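Line order of the protein sequences matches chains U and F.
Using the working numbering, the first residue of the first sequence is number 1, and each one after it goes up by one.
Using the working numbering, the first residue of the second sequence is number 1, and each one after it goes up by one.
Keep in mind the hints are simulated off the structure, nothing from the lab.
The structure displayed is predicted, hence computed values, not measured ones.
The beta-carbon is built from N, C-alpha and C at its ideal position, and this holds for glycine as well.
Be a bit skeptical, because a hint or two may be false.
[Stated by the list, open to error] Derived Cβ-Cβ restraints for the label pairs, each shown as a range: (1) U:41 - F:14: 51 to 61 Å; (2) F:54 - U:41: 37 to 47 Å; (3) F:296 - U:22: 43 to 53 Å; (4) F:377 - U:43: 33 to 43 Å; (5) U:24 - F:299: 39 to 49 Å; (6) F:296 - U:24: 33 to 43 Å.
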Amino acid sequence: MSAKFADWTSGEAAIRYQSCAACGRVQYFRRGFCAACGATELAEQRASGEGTVYATSLVCRSATPETRTHVPYNILLVDTAEGFRMMAMATTISPSPIASRCGSSHSPDGWCHILKGGMSRKVVASQRVA
Amino acid sequence: MSFITGVGLTSYGKHEGLSSLDLMSKAAALAISDAGLTRAEIDGILCGYSTVSPHIMLATVFAEHFGIGPSYAHAVQVGGATGLAMTMLAHHLVDAGVARHVLVVGGENRLTGQSRDASIAALAQVGHPDYEVPLGPTIPAYYGLVASRYMHEYGLTEQDLAEFAVLMRAHAATHPGAQFRDRITVADVMASKPVALPLKLLDCCPVSDGGAAFVISRGPTGEARVRVRGCAQPHTHQHVTAAPTLSELGAEIAIAKAKAASGVAISMCAMPRSMTALPSHWPCFWRDLGLAARGEAAARVRSGYFSRDGEMPLNTHGGLLSYGHCGVGGAMAHLIETHLQMTGRAGNRQVRDASIALLHGDGGVLSSHVSMFLERVR
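From just these sequences and the hints, can you work out the full model?
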């Protein structure tokens, strides 16, 4: 297993991924090897936070007490500029460009993904909400 | 060669006071009786899982409870694909001579055995624990993602999706065991509470209590002559984030492999079945299964193509949406309804010709697929 590195899943303000030194594939779910070719030489990378929304669903009924306070919120699949897909959550989706530092809207992990809008628009930044 | 020699199905809905084992036992007794067998003749048991009563050895827990000492037993877990995956395994087991009569059983008191929130929360754990679950996706949200992408790519509307819920309710209206039997309209679906948009309450499966079972045997045990002609499964991913695509589905691979294993063309199917967890991906499946061109599935529903007297009757018991969804048994009910149709025992739901049927089951978020052709032989 490669050295542990911090990203949003551990509360740090970063989206990270791995790229394979042998075959060049990128992967989002962290592992000690490349799921495409099995090589163990992986480079830890930091993503730009930019990408395109691939799919979206507005959750109006949540499953857990932690998420209930955020209803309704969007669950998104985002195709990142670096070539991997990730799930994101947005408590607000502004129809206007970059509007939106998400301000006090907190996602459960302390993250808020600032979006320009819905399907096929860009995720322009990811901000950690204090 | 394998035959489905007996089937047993409880009503779906509320079964106050019955445990998962109780519901499994009821269905199992019905199936064994339907096959004309005794418990002692059952030498293999395959069972699904129960989210209400999880156990690391559910098959033998059930075997002891039911009073059988099989020579082969274990549980199978591939989500909504479990019922057909067990059928496929039973088919190979009896074909290989490992067992003569395999009892396949699933049942769960998912509605009355736990709170609705507990049920939703338990199921949401199919998400990735680090990269998905902390963000708050629900099961309907996973399918909402799929639906949003499919609508985006193929121009389907929410009204189009609603057609499937309306059709399933129309079918369930004639089945006494169905959980929901009051007819609904597209307007009703559109006006129902938002759950995970674009999916609304009536687009989503209910949570149900119920049990389902069947017996797979090496040869016929009575009048019923329904055999498994061929089956196949691909598993393309686990988590929705890791899905290669949400619009080109594993169903397509499954059906191609099942066709190859069966030597059957879709055009031969008098009564295909689609076994799905939510209707949002039906149109996707139908295209992938070759039943409708992209974007045409809703029009075909409206024209009656999938109705009881249509060219391709679909889920004549009401499917997961209206017959009900008790977990593993939810999908198994589709096979049981198919068997009743193929053996001419579907009563007022009987379709004209049910000599060949296509079943498809999927588990996870469109990640595990099983396709199967059943054939009636004389």
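Falls inside 33 to 43 Å, the C-beta gap from residue 296 of chain F to residue 24 of chain U?
-> holds, 40 Å
Is it true that residue 54 of chain F and residue 41 of chain U lie within 37 to 47 Å of each other by Cβ?
-> Holds - the Cβ-Cβ distance for residue 54 of chain F and residue 41 of chain U, about 39 Å, lies within 37 to 47 Å.
Does the Cβ-Cβ separation between residue 377 of chain F and residue 43 of chain U fall within 33 to 43 Å?
-> violated, 59 Å
CB-CB spacing for residue 14 of chain F and residue 41 of chain U relative to the 51 to 61 Å hint | Taking Cβ atoms as reference, residue 41 of chain U and residue 14 of chain F lie about 57 Å apart, which means the hint holds.
Indicate whether the distance between the beta carbons of residue 296 of chain F and residue 22 of chain U respects the range 43 to 53 Å.
-> holds, 44 Å
CB of residue 24 of chain U to CB of residue 299 of chain F, is that within 39 to 49 Å?
-> holds, 44 Å
Figure legend: structure checked against the earlier numbered hints; the only hint not met is number 4.
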